[in-house]
Amino acid sequence: MTRLTAPSLTLLFALHGVAGLAAPAVAEDLADPAAPAATEPEVNAAEPEAAEPAAGEAEAAAPAEIDLIPDTDIGGNTFLPVSAATYSDEVDFVFYFILWVSIVFFVLIGWLLVYYAWKYRQRDKDYVPHGSHHNTPLELTWSIAPGILLLLMFIWGFRGYLDMSTPPKDAYPVTAVAWQWSWAFEHPNGYADGDLHVPAGTPILITNVSNDVTHSLYIPQFRIKKDVVPGRFNQTWFESPFNAETAEDFPVMEDDGVTPALDRDGNPLVFTYNVYDLFCTEYCGRGHALMNKKVYVHTRESFEKWMEYSTDITNLTPVKAGEKVWQQKCASCHSIDGSVAGGAPTWKDLWNNPNHMLTTGPIQVDEEYIYNSIVNPSMQVVQGYPANGMAPWVLPDAELKGLYEFMKSVSKYNTDPIARTKDDWKKLLPPIEATE
Amino acid sequence: MSVINTPPPVTNPTDIYGQPVSPEKHDNYLTSGKGFLSWALTLDHKRIGIMYTIGVLGAFLLGGIFAVLLRTELIWTGQTLPTLFADTWTDQYNQMFTLHGAVMTFLFIIPAIPAIIGNFVLPLMLGAKDVAFPRLNLMSLYCWLGGGAFFVYVLASGGLDTGWTFYTPYSTTTNTSVAAATLGAFVLGFSSILTGVNFMASIHMLRPKGMTWFKMPLLLWALYATAAIQILATPVLAITLLLLTAERVIGVGIFDPALGGDPVLYQHFFWFYSHPAVYIMILPALGVTSEIISSLSRKHIFGYKFIAFSSLAIAFFSFIVWGHHMFTSGQSAFFNALFSLLTMTVAIPSAIKVFNWLATIRKGSIRLDTPMLYALGFIWLFTIGGLTGLFLATLNTDIHFHDTYFVVAHFHYVMVGSVLWAFIGGMYYWFPKMFGRMYNEFHGRIAFAITFIGFNLTFFVQFFAGSRGMPRRYADYPDEYFWYHFASTIGTYVLTIGLFYILWNWVDGLIKGRKAPANPWGSNSLEWHTPSPPPHHNFDYEPHGVDPYLYDHWRWDEAVGGYVIKDHDPAHDGIEDVDPDHYNDDPPGSAPAKPVPAGA
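Line by line, the protein sequences are chains A and B.
Heads up: take any position in the first sequence, counting from 1, add 68, and you land on the working numbering.
Heads up: take any position in the second sequence, counting from 1, add 712, and you land on the working numbering.
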């Protein structure tokens, strides 16, 4: 995960939310304790790029994360963010129409208010002005004239809304799964990522799924928002054209942060995309403000490379692969900071823990135990936890192996070597002999 | 400037003829009974109004403390305040905005104008001795206190972090004191209903001889429309909160999909009350503004019937627009379109009022005293609040603005900029009548300037933050939005200073203010036809309905520092218009209202 600077940052923020930690605690856990900036939010606000060069290592990037929420450059003008979806210009048109109507009315009313208040200020306390206090034609005029403008607003607003809520038939489907307090975006091939990666110039159909409470998916630059309601499958869609002017080239690095990763043909792997913001806009509790992700609108070629690279977890080192799996599939319940707020045993210091107690007695925490706990969680129940707290999971071998390595890396009892290089995959996943 | 008046000190209260009130009649509602029980068990609407004032202002202080704290938390990105009363600082922030919203909504802004100004003024405006059901009135005060006690319990027992909207399923899963808070809101709902019943009955039954429906002061029309909403909508909130409590405590499946419910159903139930509740707040404010605008312009209100019927129209429309809170919730496009169109219609009666007020002050004789400044400020802020509502009523722009700071700014312009402004303006306007003393005009105006600047600084920038995508209820935010939050927080401090300045101005007036004349403004509605403060039984004679917006028969009396009746013939006062040909909306020969003995 640490190859992708921005995504890795956002994953970390989600981690903070899931772990349910106050910012100083996060800083203590994840940051170099010597980093002096960790207690000074203003300092970080002023120097947001301080940790950028060290993006290769999550730990090194941590001191900057006292902000919890990454920098955004939302673009656009004084009134609106940059418009980046096919229908967002339509929204902006209606916006500016209402804005101008409002300005005209406000200037008229405000000016009359101040002008009258001053011009007709009281000079003689006994003066009682008499004048017409009744004029039906005038009343009808100022009732009906605004009505026409209102009708225009309604019609344009409704037409724009219909465009927003009518997805094309051939849209690329992505399922947005929200939970307290993070997101996963599932692609049709089954791959789920913490950020929303989509191809440019293609209609994208988003289906919202909530695992717990109500959330809301909001992408300001696309002007879309749709609640993620438990028990419903709310859908929305967008199509974002590729914008070459604001596009970024992102050279992918190996875990060491120096070596360029290579694509299948041996060329350096570079993603090209526009980046936009994604917020949760329905209040959902402690980590609500931290449910921020990014939208990466790739060129079609870059999207294919990204998908190919991301779906194969062995492109990461086993530990990092395990962390990514944990992040996407386990972190909403299992913490790695000792917290049990998720309702499940923490993974902190779990591996090889000599004091780990099941309802049936002590057990050694090793690969066999973890494997059984994943595929049949009710078989071995940890003392103090419900017997049916978790549903059985089927994970591919690489993900399982990665998880073991990750769990080792967060346990102080671990004595086994941890697979920290990509070469270790050869040992973890011995090649299967090809059979005809 | 001629409008600053420094009349000679007046030591004795004077009546509407400018004569000193005879010493045996000095006994007013404040002095006519002594001791704790004479207040706690009083049936006097004026005393109940005063007790509401103390309680509601206390709630305002509490909600205000949370507002200042939460704005301070947001002055910089990341954690700003130390974690004092929650598990984490984001939890603490969530509690602060929830308690700010819940306390301000249920304990302050809904009861503020009806329970304080309405209670004090409504029977006086009707020339009546009290409201129709004085005991019910006292009971509504105790319901308010009971509901307030629940909220104090919430504060002491783990707080509340659901947002004032209590959206499920979060509110059924969080471990804060949701049950106590919903019960508190439930009990407060009864307070609101009882006040509504009382006002409606009073307006129907207690109008004096000569006060036809169209000679009622517009505040009474507004309170009548408010009462209708309170009676019809509040029970829905009560039922909703009971269902929520049933689901949370007993596990009855209503809103939780895991139990076969639907969270969007909760939103429908909630907003079916809470949207009309917005008009429970704003309608009395519109009424207060109509009173002040006409009275301090010394000119008959323009378009009386249009203003009166626009209040009823707003009350009616308020019941059929709730769905505009749910454009993104997944309700069908058809419903969205319907609610969008219906919401647009609310703009028309609102615009009618604003245009009529402008027509009223045009060619008036505008006395720029503090109440008038607040009324004019109200029009300014209400216009901004109303116009920005257009962006939210329109479907595709609302999709962008929903649940952003744009919405926050919009409803603060309406709830604070408008309702609070009308409340403060109304308090200044009726202050002499309530307490029999005048506040310091100079300080009142300075305080207005400070609050006005502070308010606009706080909330105007939030429109831009929101339109650029800043979501609401965020404990932390991207650096992109730093300056908006910084400016907004500074504005909050200025606003806070202004509000304490106003409080000081009131307390100073209570203690040191000169004795108020019966009618400092030259208004003509009936509450100004009795000494300030009014006697226990309100009137020494049986008042008759008059056109409340005709000011011809009052003249300025420098000696009493107020207006007195031109014609010293007591038989003439309050019975008929001085110039009946000048204003006569009623068809010739229309029967006077049903004769109800005043003071009955």
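Hints are computed from structural coordinates only; laboratory data are not their basis.
These numbers come from a predicted model, not from an experiment.
Glycine residues also receive a C-beta, built at the ideal position from the N, C-alpha and C atoms.
Please note that a few of the clues may not be correct.
[Stated by the list, open to error] Only part of the chain B face toward chain A is listed, based on derived beta-carbon distances under 10 Å: (1) Tyr729; (2) Gly730; (3) Ser734; (4) Gly875; (5) Leu1070; (6) Tyr1263.
[As the list claims (entries may be wrong)] With a Cα cut of at most 20 Å, we get these calculated EDC-like pairs of lysine to aspartate or glutamate: (7) Lys495(A) with Glu436(A); (8) Lys1075(B) with Glu436(A); (9) Lys1278(B) with Glu436(A); (10) Lys1017(B) with Glu316(A); (11) Lys373(A) with Glu436(A).
Cross-check of the supplied hints:
Violation of the interface hint for Tyr729(B) is found here, the shortest Cβ-Cβ separation to chain A being roughly 16 Å, above the 10 Å cut-off. The interface hint given for Gly730(B) is violated, since its Cβ lies 14 Å from the closest Cβ of chain A, which is over the 10 Å cut-off. With a least beta-carbon distance of about 27 Å to chain A, the hint placing Ser734(B) at the interface is violated under the 10 Å criterion. Interface restraint check: Gly875(B) against chain A, minimum CB-CB distance 5 Å, threshold 10 Å, status holds.
Taking 10 Å as the C-beta contact cut-off toward chain A, the hint placing Leu1070(B) at the interface holds, the least distance being around 5 Å. Hint on Tyr1263(B) holds. Least Cβ distance to chain A is approximately 5 Å, under the 10 Å limit. The suggested pairing of Lys495(A) with Glu436(A) holds, with an alpha-carbon distance near 18 Å, which does not exceed 20 Å. Proximity of Lys1075(B) to Glu436(A) is assessed by CA-CA distance (about 90 Å); at most 20 Å being required, the pair is judged violated.
Of the supplied pair hints, the one linking Lys1278(B) and Glu436(A) is violated, its CA atoms being roughly 101 Å apart against a limit of 20 Å. A C-alpha spacing of about 62 Å is found between Lys1017(B) and Glu316(A), which places the hinted pair above 20 Å, so the restraint is violated. The suggested pairing of Lys373(A) with Glu436(A) is violated, with an alpha-carbon distance near 35 Å, which exceeds 20 Å.
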